[in-house]
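Between the sequences and the hints, there should be enough to build the whole structure, so can you do that?
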Amino acid sequence: MTDASAPPLALRLRNLSKTFSGVHALEHVDFEVRAGEVHCLAGENGCGKSTLIKVVTGVHAPDPGAEIEIFGARQSAITPTHARAMGIAVIWQDLALFPHMSVAENIAFDTMVGARPRLVRRRRDRKAAAAVLDRLGERLDLDAPLNTLPIAQRQIVAIARALMGEARLVFMDEPTASLTQSETDGLLAVVRTLSEQGVAVVFVSHRLAEVLDIAERVTVLRDGKLVGVFPTEGMTQARLGELMTGSLLSHEVMAHDRSGEPAVLEVEGLSLAGKVEDVSLTVRRGEVVGLTGLIGAGRTELAHAIIGMMRPDRGTVRLDGKAIAPKNIREAIHAGIAYVSEDRLSLGLIQPQSIEDNTVIAVLDKILDAVGLISPTRKRAMVSEWISELAVKIGHPSDPVSSLSGGNQQRVVLAKWLATEPRLLILDSPTVGVDVGARAGIFRTVRRLAEAGLAILMISDEVTEVVMNADRVLHMAGGRIVGEYDPRTTDVATMEERVYA
Amino acid sequence: MTPMKRIGNAVGPETLPLAVFLVVVAVAFSLATPLFLTGRNLSSMAFQLPELGLLTLAMMVPILSGGLNLAVIYTANISGLALAWTLIAFGGPEAGVGAFVLGSVLALAVGAAAGLVMGLVVAYIGAHPILVSLAMMIFLRGLGEFLTHGGDISGFPPFMNVIGHGDLFGVPVPLIIFAVAALVWHIMLRRTRHGFAVFMIGSNIRASEYSGLPTKRTLTLIYTISGLICAVAGILMASRFNSVRVGHGEALLLVTVLACFLGGVDPFGGFGRVLPVVLALMILQMLSSGLNLIGANQHLSTAVWGLFLIGVMALRWFENEIRQRKWRR
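So the sequences go chain by chain: B and V. Here the numbering used here is used: the first residue of the first sequence is 6, the next is one more, and so on. Here the numbering used here is used: the first residue of the second sequence is 113, the next is one more, and so on.
Careful: at least some of the hints might be erroneous.
Okay, the calculated bits of chain B under chain V, using three or more residues with CB under 8 angstroms as the criterion [stated by the list, open to error]:
(1) 350-356
(2) 362-368
With a Cα cut of at most 27 angstroms, we get these calculated DSSO-like pairs of lysine-lysine [claimed, not checked]:
(3) B:K332 with V:K328
(4) B:K327 with B:K371
(5) B:K280 with B:K332
(6) B:K230 with B:K398
(7) B:K327 with B:K280
(8) V:K328 with B:K371
In case anyone wonders, no lab produced these hints; they're calculated from the structure. Source: prediction; values computed, not measured. A virtual CB, placed ideally from N, CA and C, is assigned to each residue, including glycine.
This is the structure:
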């Protein structure tokens, strides 16, 4: 048993700098992780978090002058193999697992590869894999092919694989980005278990609430420089957000009363077998209506029924008082509805294609010349108008959209839909995978659009987000709308309890 | 944007290396044999290229959309057959221009119909284009061989020679047909809504649907147009050989795929331009004619084509590596 007042250090970095062709990714950064501690590394995209992880795991060599100590031992040069041998493991966002291999094979992969004689010993590996899962307190089918598991369980497999290699210091890069709230809770429980077993965990996340929940201390980086190390005790999300972005973020409830405005969207008695039950709701001109609830509550399905992706069994949808029943998205666009999908990476944008093509994809009709061909001039004009309107930071409009950061991609999605001049904008989980500063930007844009008269239905599973940014909040569960809240009179904590219960 | 960059954007990054290659091949053969730079050889190349060229255009757009059309050759054959029978029915060598026009319309209809069926199956049933077009290819081949008993249909009116062997102000008519088709393809891909949708669908069909593009209609149209240009190739082949035989040009099928990949069309769909594909076709034609002139075995030229593709892939890989190294920080 070590002395609790001075636990040994798992990792100690002093004066760490890393320059890439003249650009400082990290500048004189100090960083410490205690053994068995859950430590959060916070900062906006591009602040140097990934570079730091890559230096510690031997992917990048630091600039001269840095001191690195791992479990008390001074390191001069680290290679990836060396890092793994010392018990350092990284769980990257994309997990780096083998989708067609079984759970047991994935967990035991490193022992299978490194073993001598070079034979696969299935029974031994299975047993070892089972033991590791047991240690995490998780039950998974060892023989299930990995690609049949939900993301949350794959995450567990990745953690188990790291533990197989006797990891004592685990880096997790945004492990919860694609998880639902309850899955996140499950993952956080596993992280606590690891910590109790003496494994140090460095946790990278954009979700400040969970950072404050799980970590004991948080190290904040901004533009490659250390802002400071703070205990999470007594820290608020607002303060942490400010430290990360270096600017004051507005955290006031923004709600306005729009009940006097004319209704833009009226849904009455909408039902979709097994998904949506008898839903009625109204979104008025200039109003932002938040729709929250757990994943599987039927939020996305409701949106899909409104835009014609799914055909409702019963119920009516009216837009500006006129009944509509779009058979596909084209008809919905034509009627004046824009739907920004939850899955920005694979459904919202066509990643390999250019920024300009992604911007004009839904409005080709508006950029035709006299003979009906796409006019390059009009296309360019349309693209530059929206890029400046939404302040998208891009290199050249012909660059692929995949070259943009998450926040800028989100803006391109918005530009694409706003170009259709919709009456109603449906935003499905607009901030998934977007960092704090960019989130604030998105909500400012949403507010501005509402002020200009657009009706907005905003779906999100983060209660804080909808309470802060919507005029009214609807709570959906089991396919029904089970409650309506006024953000000005609702306490976030009570509401979270009800939604996440 | 600098003027150079603007030109680069308009023709695409694939064009310059191919143009250099084209010049190198032309210079090499000119030095190797005095027969290469003769009017006779140039005109013979100009007469041979368009067939393969039209079939390559038929292959290109399905590949851009993330698919493939394995039925291009037999669609051309069957369309040619429709023309041949019409001509025979109107007296063979004595058939008039009206019969030729009627036959050509029927040929285009047959080609478009074959493409339409494939397009509908790909779009609405969601079957993989390789399977659908393979099935269509086998069906058309069987049907054609059954109808012709494996033989030739020949004896066409002499005026068809103009299409197959004539020239207009010294430019071979087949080359004019191909040039017009290539220009139409370029405009279709770069400037029409249909062309825009082809690229988007090739990269991500679900995201295209979510963005409001008519994905099913576009897929159907892609294969229909592919069948239509196959029919044009079929008419041209009938005019050049004064006969139609099912299986004619069979060896060209994979060459059309080769030409697309050489021309920088992404094998996974979403990217590609007409101009570099045309350059690739010219290089292939030069390699085959040039090797023939210096007395190499015809099979050797096929082998050289294969080596050439491997060489181009290696070059692109190098180019990509260099670009990445420049970007990597």
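(message) Under the constraints set out in the numbered hints, which ones does this structure not fulfil?
(response) none
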